[in-house]
Amino acid sequence: MKNAVTNSIGRRIPQKAEGLGRFRPFGGSFALVDAGEEIPRNAPPMRPEQPSRSKVRKSLREAVERSGLQSGMTVSFHHHLRNGDALLPMVLSELEAMGMSDLTIAPSSLTGSHDCVAGFMRRGVVSRIFTSGLRGEVGAAVSRGELDIPVIIRSHGGRARAIEEGSIDIDVAFLAAPSCDPLGNISGARGKSGCGSLGYAQVDAAFARHVIAVTDGMEKYPLPEPVSIRQHQVNSVVAVESLGDPSKIATGSTRITRNPVDLRIARNAFQLILASELLAPGVSFQVGAGGSSLAVASFVRNHMRTKGVKGSFGLGGVTGYMVQMLEEGLFDCLYDVQSFDASVRDSLAENPRHVEIDQSLYANPLNRGCMVHNLDIVVLAALDVDVDFNVNVMTGNDGVLRGASGGHSDTAAGAALSIVVAPSFRGGVPTVKERVQTVVTPGESVDAIVTERGICVNPRREDLLKAASKAGLPVMDIADLKRDVERLTGLPEPLAFDETRPVALVEYRDGTIIDTVYRVK
Amino acid sequence: MCSGTARAGTLESSDCLVTVGPGSGVTLEYTGGNFFLFRRRTQAIVNEILEARAVENAFVSIQDQGALEPTLRARVETALDRAFRKKGDV
Amino acid sequence: MKGARRSMLYIPGNNPGMIQHAPVFGADSILLDLEDAVSTGEKDAARLLVAHFLKVMDFGALEVTVRVNGADTEWFEADLEAIVPCGPYAVRVPKCNGPKDVQKADAVIKRLEKEHGMDEGSVMIHAMIETALGVENAFALASCSPRVDALTLGGQDLTADLGVPKTREGAELFYARSRVVIAAKAAGIASFDTVWADIGDNEGLLEETRKVTGLGFTGKAAIHPGQIEWIHEAFRPAREDIRKAERVVAAADEAKRMGRGVVAVDGRMVDAPVVKRARRLLDLAALYLCETEDPS
Numbered sequence: 001m002k003n004a005v006t007n008s009i010g011r012r013i014p015q016k017a018e019g020l021g022r023f024r025p026f027g028g029s030f031a032l033v034d035a036g037e038e039i040p041r042n043a044p045p046m047r048p049e050q051p052s053r054s055k056v057r058k059s060l061r062e063a064v065e066r067s068g069l070q071s072g073m074t075v076s077f078h079h080h081l082r083n084g085d086a087l088l089p090m091v092l093s094e095l096e097a098m099g100m101s102d103l104t105i106a107p108s109s110l111t112g113s114h115d116c117v118a119g120f121m122r123r124g125v126v127s128r129i130f131t132s133g134l135r136g137e138v139g140a141a142v143s144r145g146e147l148d149i150p151v152i153i154r155s156h157g158g159r160a161r162a163i164e165e166g167s168i169d170i171d172v173a174f175l176a177a178p179s180c181d182p183l184g185n186i187s188g189a190r191g192k193s194g195c196g197s198l199g200y201a202q203v204d205a206a207f208a209r210h211v212i213a214v215t216d217g218m219e220k221y222p223l224p225e226p227v228s229i230r231q232h233q234v235n236s237v238v239a240v241e242s243l244g245d246p247s248k249i250a251t252g253s254t255r256i257t258r259n260p261v262d263l264r265i266a267r268n269a270f271q272l273i274l275a276s277e278l279l280a281p282g283v284s285f286q287v288g289a290g291g292s293s294l295a296v297a298s299f300v301r302n303h304m305r306t307k308g309v310k311g312s313f314g315l316g317g318v319t320g321y322m323v324q325m326l327e328e329g330l331f332d333c334l335y336d337v338q339s340f341d342a343s344v345r346d347s348l349a350e351n352p353r354h355v356e357i358d359q360s361l362y363a364n365p366l367n368r369g370c371m372v373h374n375l376d377i378v379v380l381a382a383l384d385v386d387v388d389f390n391v392n393v394m395t396g397n398d399g400v401l402r403g404a405s406g407g408h409s410d411t412a413a414g415a416a417l418s419i420v421v422a423p424s425f426r427g428g429v430p431t432v433k434e435r436v437q438t439v440v441t442p443g444e445s446v447d448a449i450v451t452e453r454g455i456c457v458n459p460r461r462e463d464l465l466k467a468a469s470k471a472g473l474p475v476m477d478i479a480d481l482k483r484d485v486e487r488l489t490g491l492p493e494p495l496a497f498d499e500t501r502p503v504a505l506v507e508y509r510d511g512t513i514i515d516t517v518y519r520v521k
Numbered sequence: 001m002c003s004g005t006a007r008a009g010t011l012e013s014s015d016c017l018v019t020v021g022p023g024s025g026v027t028l029e030y031t032g033g034n035f036f037l038f039r040r041r042t043q044a045i046v047n048e049i050l051e052a053r054a055v056e057n058a059f060v061s062i063q064d065q066g067a068l069e070p071t072l073r074a075r076v077e078t079a080l081d082r083a084f085r086k087k088g089d090v
Numbered sequence: 001m002k003g004a005r006r007s008m009l010y011i012p013g014n015n016p017g018m019i020q021h022a023p024v025f026g027a028d029s030i031l032l033d034l035e036d037a038v039s040t041g042e043k044d045a046a047r048l049l050v051a052h053f054l055k056v057m058d059f060g061a062l063e064v065t066v067r068v069n070g071a072d073t074e075w076f077e078a079d080l081e082a083i084v085p086c087g088p089y090a091v092r093v094p095k096c097n098g099p100k101d102v103q104k105a106d107a108v109i110k111r112l113e114k115e116h117g118m119d120e121g122s123v124m125i126h127a128m129i130e131t132a133l134g135v136e137n138a139f140a141l142a143s144c145s146p147r148v149d150a151l152t153l154g155g156q157d158l159t160a161d162l163g164v165p166k167t168r169e170g171a172e173l174f175y176a177r178s179r180v181v182i183a184a185k186a187a188g189i190a191s192f193d194t195v196w197a198d199i200g201d202n203e204g205l206l207e208e209t210r211k212v213t214g215l216g217f218t219g220k221a222a223i224h225p226g227q228i229e230w231i232h233e234a235f236r237p238a239r240e241d242i243r244k245a246e247r248v249v250a251a252a253d254e255a256k257r258m259g260r261g262v263v264a265v266d267g268r269m270v271d272a273p274v275v276k277r278a279r280r281l282l283d284l285a286a287l288y289l290c291e292t293e294d295p296s
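Chains as they are written, first to last, in the numbering used here: chain A, 1 to 521; chain B, 1 to 90; chain C, 1 to 296.
Source of the hints: derived by calculation from the structure; they are not laboratory data.
C-beta atoms are modelled at their ideal positions from N, C-alpha and C, and glycine is treated no differently.
Among the hints, a few may not be true.
[To be verified] Stretches of chain A that chain C covers, calculated by requiring three or more beta carbons in the stretch to come under 8 Å of a beta carbon on chain C:
{"no.": "1", "segment": "91–103"}
{"no.": "2", "segment": "483–492"}
[Claimed, not checked] From chain A, some residues computed to sit far from chain C (all C-beta separations above 12 Å):
{"no.": "3", "residue": "Ser8"}
{"no.": "4", "residue": "Pro14"}
{"no.": "5", "residue": "Lys16"}
{"no.": "6", "residue": "Pro40"}
{"no.": "7", "residue": "Asp171"}
{"no.": "8", "residue": "Met218"}
{"no.": "9", "residue": "His232"}
{"no.": "10", "residue": "Ala239"}
{"no.": "11", "residue": "Ala280"}
{"no.": "12", "residue": "Pro423"}
{"no.": "13", "residue": "Ser424"}
{"no.": "14", "residue": "Thr451"}
{"no.": "15", "residue": "Glu452"}
{"no.": "16", "residue": "Arg453"}
{"no.": "17", "residue": "Asp477"}
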């Protein structure tokens with residue numbers, strides 16, 4: 001790759017790209033703090049309108065026409081409807097029908113319901129993508145190099161920062177509004193497409209130049225409190241038959257895994273948490289949504305119940321399990337940026353101690369209240385990791401984009417104890433590599449990598465290593481773990497990439513580029 | 001020389017299905033989710049095992065469902081044993 | 001003290017997915033099974049699979065035993081030939097009716113140890129009693145060879161041999177259990193009770209395990225990883241007993257330090273066997289310090 005520089009973790013990144021501008025290389029997870037700059041916010045303009053009792057437009061098309069959206073502009077969406085989202089496909093189809101092209105889309109993430117984006121890419125409707133996640137057909141198409149301009153992958157905190165500073169300059173935000181009134185007050189708590197927290201949408205609503213609320217749950221004015229997005233942030237309201245598939249939006253609760261390998265991993269992680277002594281009154285924590293990470297929560301919960309430890313708050317990405325803990329009084333408060341199932345949605349609506357927060361408050365490193373910075377403990381998953389503790393959650397073993405940055409790098413950087421859990425091998429392939437394919441979370445922000453074989457503590461954390469050894473935990477050197485596993489699996493061959501063709505850039509939460517994803521050969 | 005065809009293993013997760021039969025020279029057909037990651041390693045293991053048995057002609061097909069190396073080796077050995085036993089029966 | 005052997009998890013020998021994760025299940029020991037868990041057509045495959053894993057995989061603190069096919073089967077010798085050189089902790093010989101069965105295995109193992117440059121006696125034998133005749137010969141089986149390290153009871157086959165149904169309460173196995181325990185203790189070796197087949201009834205498993213440990217069994221078989229923590233729970237020493245044992249051991253250590261020959265606890269004299277039992281209890285209790293409850 002020409003015009004590339006090497007960043008502080010040894011990854012080559014381009015200095016600029018056509019259609020994107022110049023880039024700064026990653027220089028450490030808190031380099032921003034050291035730099036101490038003040039960054040102005042990109043506020044949306046004020047606009048005079050005639051007095052009215054309704055912003056309801058006759059159709060999506062009319063709302064788009066009123067917005068002044070044109071080819072080449074930027075549109076955004078939230079992904080709170082998860083795998084049941086029908087809005088993004090609906091909007092892009094309409095924009096294509098209206099003759100638009102070269103749009104930049106900036107959804108908070110792309111899910112399994114967004115495979116159609118590959119088609120919009122190919123037909124030139126979409127020419128730039130800013131997202132947290134790439135999956136399925138879209139991920140595969142991007143990895144094959146079907147988009148000329150590289151995708152920018154941002155964490156949740158990074159997206160909020162980018163929107164607030166104007167690096168993502170949203171012309172029109174299309175916000176799925178599960179319940180909505182004719183003046184644009186929106187709630188995620190009710191309606192057939194009720195999804196719970198609208199945390200990702202709240203940032204779009206506050207900073208986009210123009211906001212169109214699309215609803216399948218129109219209620220009469222005024223929408224009952226609590227309201228997630230208030231009418232002063234909404235320009236138009238459109239009613240549609242359905243925003244998506246409710247069974248995929250608000251799913252049943254995730255059960256705790258019974259898989260013995262996952263349970264062993266969770267047990268090991270829990271032992272490490274105990275040894276850290278952070279599980280004390282006033283503790284705050286966050287866990288991932290399934291598998292071993294969620295199982296750790298169950299060990300923590302049992303412990304807190306039996307020892308009478310009361311935590312201060314839980315944060316996330318919230319699952320039904322965390323809601324149960326709140327209801328048991330194990331936390332004072334639950335802060336919710338995304339509700340993962342129906343029970344969470346309902347709790348958010350009913351329990352005053354279950355609080356909706358926006359993406360910026362959640363994880364924007366430049367936000368004065370950045371809540372991931374108040375975490376004591378976070379437990380995160382990984383696709384694979386390397387001997388420097390770097391974590392990949394983006395590309396699969398075949399080098400194809402199939403994951404999401406999400407809150408991974410945000411929480412890892414912010415939490416006092418960041419634990420990454422993973423099996424030592426999956427499908428016969430080792431999880432610990434010499435050099436991970438794509439870095440999303442730098443090793444310096446990861447305190448431990450825990451597998452079913454043992455606990456690898458980052459050498460930077462001498463204190464944690466001492467505590468774990470003293471407690472008699474199965475501590476092991478990460479290089480030894482790699483070697484032991486390879487003895488069983490064999491050493492995988494390196495993949496071939498076209499390094500002249502970056503297809504995606506992983507932007508760290510501070511706006512610097514931490515890694516490059518290349519076209520698969 | 002291998003003139004019988006035999007199989008060993010299964011298509012269950014973590015296992016592999018190995019089929020061994022007559023061929024000219026040593027041919028390996030290696031398929032499965034990891035084929036791009038472990039092709040060389042698998043070829044090396046198959047070569048090693050065939051050499052140890054002084055087998056110069058065989059067709060080996062392996063459908064890999066994420067098997068570890070001991071599993072791979074055991075299944076290849078078993079398939080070869082079965083192929084030779086079959087031949088012996090003729 | 002040898003490693004803990006409260007639980008022994010049976011793992012089918014032809015199942016790579018389970019063998020490769022053996023250390024993860026939390027059992028104290030495992031039985032890689034080439035016998036009942038493997039169909040006749042797959043005996044060869046299972047044998048090779050287990051042998052390859054024994055050769056390269058680090059089982060950690062797990063005690064690894066392999067159940068070979070019976071001495072009267074066509075697979076017996078091939079199993080031993082493949083497995084013994086890989087150095088498992090023990091080979092389990094099923095359907096032992098009398099010392100001749102153990103001696104047959106002993107002879108083959110001895111030859112194989114020699115051929116492969118292994119220390120003589122490095123591979124132990126667990127004799128499995130599954131017939132009325134086996135029960136009758138329990139002590140003979142337990143003491144006929146220094147290799148015999150444990151007696152194990154096969155309740156399923158034994159009740160079939162007796163021609164009675166196997167019941168939940170287990171009255172029909174009471175005598176056989178007692179006999180096996182006593183024979184093992186008399187020979188100074190371990191004893192493993194039979195499997196509890198109902199994996200949906202863990203309360204029943206706990207109850208049975210408490211009963212058999214009450215009789216003197218030193219370990220119990222598990223056929224599913226979910227059973228292990230229930231088995232271990234039955235072996236957990238009572239808090240009061242732990243406290244008593246701590247006092248005894250503290251007094252014994254104190255007496256040793258002071259050069260006194262007599263150990264006294266709460267004004268009463270305490271014998272050497274009591275001190276020994278107390279130390280063993282504390283070793284057992286230590287196993288539970290690191291264990292965490294399974295999630296609800």
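Going through the earlier hints one by one, which of them does the structure break, listed in rising order? Hints 1, 12, 13, 14, 15, 16 not satisfied by this model.
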